[in-house]
Amino acid sequence: MKKNVKLIIEYDGSNYSGWQKQKHSITVQQKIEEAISQITKTDTEIIGCSRTDAGVHARNFVANFITNSSVPPSKFKYAINSKLPKDIVIKKSSEVSLDFHARFHSKGKKYVYTILNREEPPTIDRNVMYHFNKDLNVDAMKEASKYFIGSHEFDSFYKKSGSSVKSTLRTIYYCDVTKCEDVIKFTVIGEGFLYNMVRIMAGTLIEAGIGRIKPEEIKFIILAKDRERAGRSLPPQGLCLQEVLY
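For what it's worth, this note's numbering labels the leading residue of the sequence shown as 52, then goes sequentially.
No lab work stands behind these hints: they were computed from the structure.
Quick reminder that beta carbons are idealized off the backbone N, C-alpha and C, glycines included.
Please note that a few of the clues may not be correct.
In silico lysine-lysine, DSBU-like type, Cα no more than 35 Å apart, as pairs [said to hold, decoys possible]:
| no. | residue 1 | residue 2 |
| --- | --- | --- |
| 1 | K210 | K185 |
| 2 | K230 | K126 |
| 3 | K134 | K57 |
| 4 | K210 | K72 |
| 5 | K236 | K137 |
| 6 | K134 | K53 |
| 7 | K158 | K134 |
| 8 | K142 | K230 |
| 9 | K158 | K57 |
| 10 | K137 | K158 |
| 11 | K158 | K276 |
| 12 | K72 | K158 |
| 13 | K211 | K161 |
| 14 | K276 | K236 |
| 15 | K126 | K161 |
| 16 | K54 | K74 |
| 17 | K193 | K161 |
| 18 | K217 | K236 |
| 19 | K193 | K142 |
Beta-carbon label-pair distances, calculated as ranges [as the list claims (entries may be wrong)]:
| no. | residue 1 | residue 2 | range |
| --- | --- | --- | --- |
| 20 | K137 | V234 | 23 to 31 Å |
| 21 | S218 | P123 | 21 to 29 Å |
| 22 | E242 | T174 | 30 to 38 Å |
| 23 | N66 | D150 | 33 to 41 Å |
| 24 | S121 | K210 | 39 to 47 Å |
| 25 | K276 | K137 | 40 to 48 Å |
| 26 | D150 | K236 | 31 to 39 Å |
| 27 | V189 | V147 | 36 to 44 Å |
| 28 | Q71 | E294 | 14 to 22 Å |
| 29 | R110 | S148 | 20 to 28 Å |
| 30 | E242 | K276 | 43 to 51 Å |
| 31 | E96 | S157 | 15 to 23 Å |
| 32 | K276 | D94 | 37 to 45 Å |
| 33 | D94 | P136 | 14 to 22 Å |
All chains, full assembly: derive it from the sequences and hints.
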């Protein structure tokens, strides 16, 4: 009997060329599909909620797949984990309605970009945060982040090469910057994001943090629709897909 199985996945993206399957690269999707196919004895394609880039991490990535396997949906978690590398883990598996689609049914995503703001680079956490050794004004970054909230055309904040989007209009529901000791976290929740968008937003907030731009300049950078006006795209290791909203 056909079943639709939903997976909640956590992974360290350091060793992968992103989520989406590629011909000549190792990806997270490929590793999970290989594990499922070994269990079901048939080629199985999984649908992911997003296409995270190379080096980007996820704590609660959502995916689903259709199967005729006799394995109970709640037990797939254990079966798949037994065949996965240590940097990918299935946190939960459950049966959902046959029409559930991890990507198309998503109503939003929550991303967190983590910055270590101190002179010394990270050691233990070097794969999950970006190191910035100049003092950052967190209050200025927090103020600047508020200008992202709302519906805007984010042409200034995405990498056009490798992207074929029809519209750059995106809605941001929540944006904030917080600091705990030496760690700064930029948290953003939106209905969807363009290629490299969060990393470019984070890079632009650093420009505000070092005083190169004033917080209110964010609104003019958005209106300019010019990639050259925004900050650089920060490295992928600081970015984590924290949650998917349905």
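Comparing the hints with the structure gives:
Distance check on the hinted pair: K210 and K185 sit about 26 Å apart at the alpha-carbon level, within 35 Å; holds. Proposed proximity of K230 and K126 is contradicted: the alpha carbons are some 39 Å apart, above 35 Å. Between the alpha carbons of K134 and K57 the distance comes to roughly 18 Å, so the proposed pair stays at or under 35 Å and holds. For the given pair, K210 sits about 20 Å from K72 by alpha-carbon distance, which is consistent with the 35 Å threshold.
Straight-line distance between C-alpha atoms of K236 and K137 comes to about 26 Å, which keeps the hinted pair within the 35 Å bound. For a cut-off of 35 Å, the pair hint linking K134 to K53 stands: about 23 Å separates their Cα positions. A threshold of 35 Å between alpha carbons decides the hint, and for K158 with K134 the separation of about 31 Å falls inside it, so the pair holds. The suggested pairing of K142 with K230 holds, with an alpha-carbon distance near 28 Å, which does not exceed 35 Å.
For a cut-off of 35 Å, the pair hint linking K158 to K57 stands: about 16 Å separates their Cα positions. The straight-line distance between the Cα atoms of K137 and K158 is roughly 30 Å, inside the 35 Å bound, and the hint therefore holds. Taking the CA atoms of K158 and K276, the gap is near 25 Å; set against the 35 Å cutoff, the hint holds. This hinted pair checks out: K72 and K158 have alpha carbons roughly 23 Å apart, not beyond 35 Å.
Taken as a hint, the K211 and K161 pair is honoured in the structure, with Cα atoms around 22 Å apart against an allowance of 35 Å. Between the alpha carbons of K276 and K236 the distance comes to roughly 26 Å, so the proposed pair stays at or under 35 Å and holds. Taking the CA atoms of K126 and K161, the gap is near 28 Å; set against the 35 Å cutoff, the hint holds. This hinted pair checks out: K54 and K74 have alpha carbons roughly 28 Å apart, not beyond 35 Å.
Proximity of K193 to K161 is assessed by CA-CA distance (about 17 Å); at most 35 Å being required, the pair is judged to hold. This hinted pair checks out: K217 and K236 have alpha carbons roughly 31 Å apart, not beyond 35 Å. Between the alpha carbons of K193 and K142 the distance comes to roughly 32 Å, so the proposed pair stays at or under 35 Å and holds. The supplied range of 23 to 31 Å is met by K137 and V234, whose beta-carbon atoms lie about 25 Å from each other.
Roughly 42 Å separates the CB atoms of S218 and P123, a value that falls outside the hinted 21 to 29 Å. About 37 Å separates the C-beta atoms of E242 and T174, a value consistent with the hinted range of 30 to 38 Å. The given range of 33 to 41 Å is respected by N66 and D150, whose C-beta atoms sit roughly 34 Å from each other. Judged by the Cβ atoms, the range 39 to 47 Å given for S121 and K210 holds: they are separated by roughly 44 Å.
The hinted window of 40 to 48 Å between K276 and K137 holds, with their beta carbons roughly 43 Å apart. Restraint check, D150 to K236: a C-beta distance of roughly 36 Å satisfies the suggested window 31 to 39 Å. Checking the proposed 36 to 44 Å range against V189 and V147 shows it holds: the Cβ atoms sit about 40 Å from each other. Checking the proposed 14 to 22 Å range against Q71 and E294 shows it holds: the Cβ atoms sit about 20 Å from each other.
Evaluation of the 20 to 28 Å hint for R110 and S148 yields a pass: the beta carbon distance comes to about 25 Å. Between E242 and K276 the beta carbon distance is about 19 Å. The supplied range of 43 to 51 Å is therefore violated. Range check, E96 to S157: Cβ separation about 18 Å, and the 15 to 23 Å hint holds. Between K276 and D94, the C-beta spacing of about 43 Å keeps the proposed range 37 to 45 Å intact.
Taking 14 to 22 Å as the suggested C-beta distance range, the pair D94 and P136 conforms, at roughly 20 Å.
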